[in-house]
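*Asks:* If you read the sequences in order, they're chains S and L. Each residue of the first sequence is one higher than the one before, starting from 217 at the first, in this note's numbering. Each residue of the second sequence is one higher than the one before, starting from 350 at the first, in this note's numbering.
What the hints contain is simulated information worked out from the structure, not anything from laboratory work. Treat the hints with care, since some could be wrong.
Stated by the list, open to error - Pair by pair, the computed Cβ-Cβ distance ranges are:
(1) L:E444 / S:L263: 36 to 46 Å
(2) S:Y239 / L:S478: 11 to 21 Å
(3) L:S478 / S:L272: 45 to 55 Å
(4) L:Q503 / S:M281: 35 to 45 Å
(5) S:R259 / L:P485: 55 to 65 Å
(6) S:Y239 / L:R504: 23 to 33 Å
Since the structure is predicted, the reported quantities are computational estimates derived from the model, not experimental observations. Built from N, CA and C at the ideal position, the CB exists for glycine as well.
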Amino acid sequence: MMPLAFTPFIDPISALFPEMHAYWLWLVVPLVIAISLIYRTTRHSDLKSLPRAVTLMSCQILLVMVAAAVLLTLLYTGLSRWL
Amino acid sequence: MTDSAGSDLTPPSSPPAAPLPAPQPVPAPRLPAPLPAESLGPVGYLAIVLAWMVPGLGHFMVGQKTRGLIFALTIHGLFVGGLLLGGIKALSPPEQPIWTYTQFLSGWPMLVFNKVARAKEAEIIQLKSDYQADRPEEWKSNPSPEEQAQVQAQRIAYGKKNLTQHPLLSYSPKIQDVGAVYCGIAGMLNLLVIFDLLLRVTGTPRDSGENKKSSSKGGAK
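Based on the sequences and whatever the hints tell you, model everything.
*Replies:* See below:
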């Protein structure tokens, strides 16, 4: 669907792409990259090593989030079988 | 017990023949003295205020141009991304006031778009009431399956027509929540940037991971 009256920054983008809610979890990735970029920029004195540090930190955060999700899923599955 | 130099530190079992000299008072470890507020200076205060108003501008003012550019692009980008995702509904979500406070930390983008959102409030309420008033009614009690299907189709068609004319009525809670989070995180990151600027302006040494590594290396030598 393509609403003609769509105004960017005023109307939500879900009016243009209603199926977007199915992929909302992927929106975490740019957020994590932005957080890593700002944090690493405040901490690094030499900005040349910034891209590597940002990539590393982003991967670390995402990996920990995935690991936490897997752990919680396993815990939930185990508990629901046990109870 | 021996120290790093290998000397014996255990007290002797027999008393010493001659009285030991009085122990010298050990100087207390030097801590960085708290900086007086005056050390900020008018330029420092101005930089802090500008850093809140326009993310990244404070670093520009103190000569950290590359850093300022990175901060400005990232924080503005994050805020604009959140606004693009959730529209003005992403700002000041009524059920989660914590995001409102954090969104205000991002400075001018929130100040401007909050005004726009407040101006649109009346329009949204009017649109919603119009939508409810003209909406095809639910089926009455004990409808036949054909009647049910017909009314449902009418309601779906009505909803789609309204959404095409007024996209502001679109409701996708997950996407709007993500939009609110983007704008809120932009504000919190701006707060981090302001603290970083404060440390740079006052010249306060930072106990960063890099410093710790270098000091531990230095200690090993």
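*Asks:* State for each hint whether it applies.
*Replies:* Hints, verified against the model:
1. At about 40 Å, the beta-carbon gap between L:E444 and S:L263 stays in the expected band of 36 to 46 Å.
2. Between S:Y239 and L:S478 the C-beta distance comes to about 33 Å, which lies outside the given range of 11 to 21 Å.
3. About 52 Å separates the C-beta atoms of L:S478 and S:L272, a value consistent with the hinted range of 45 to 55 Å.
4. Between L:Q503 and S:M281, the C-beta spacing of about 44 Å keeps the proposed range 35 to 45 Å intact.
5. Range check, S:R259 to L:P485: about 59 Å between beta-carbon atoms, so the 55 to 65 Å window is met.
6. Checking the proposed 23 to 33 Å range against S:Y239 and L:R504 shows it holds: the Cβ atoms sit about 27 Å from each other.
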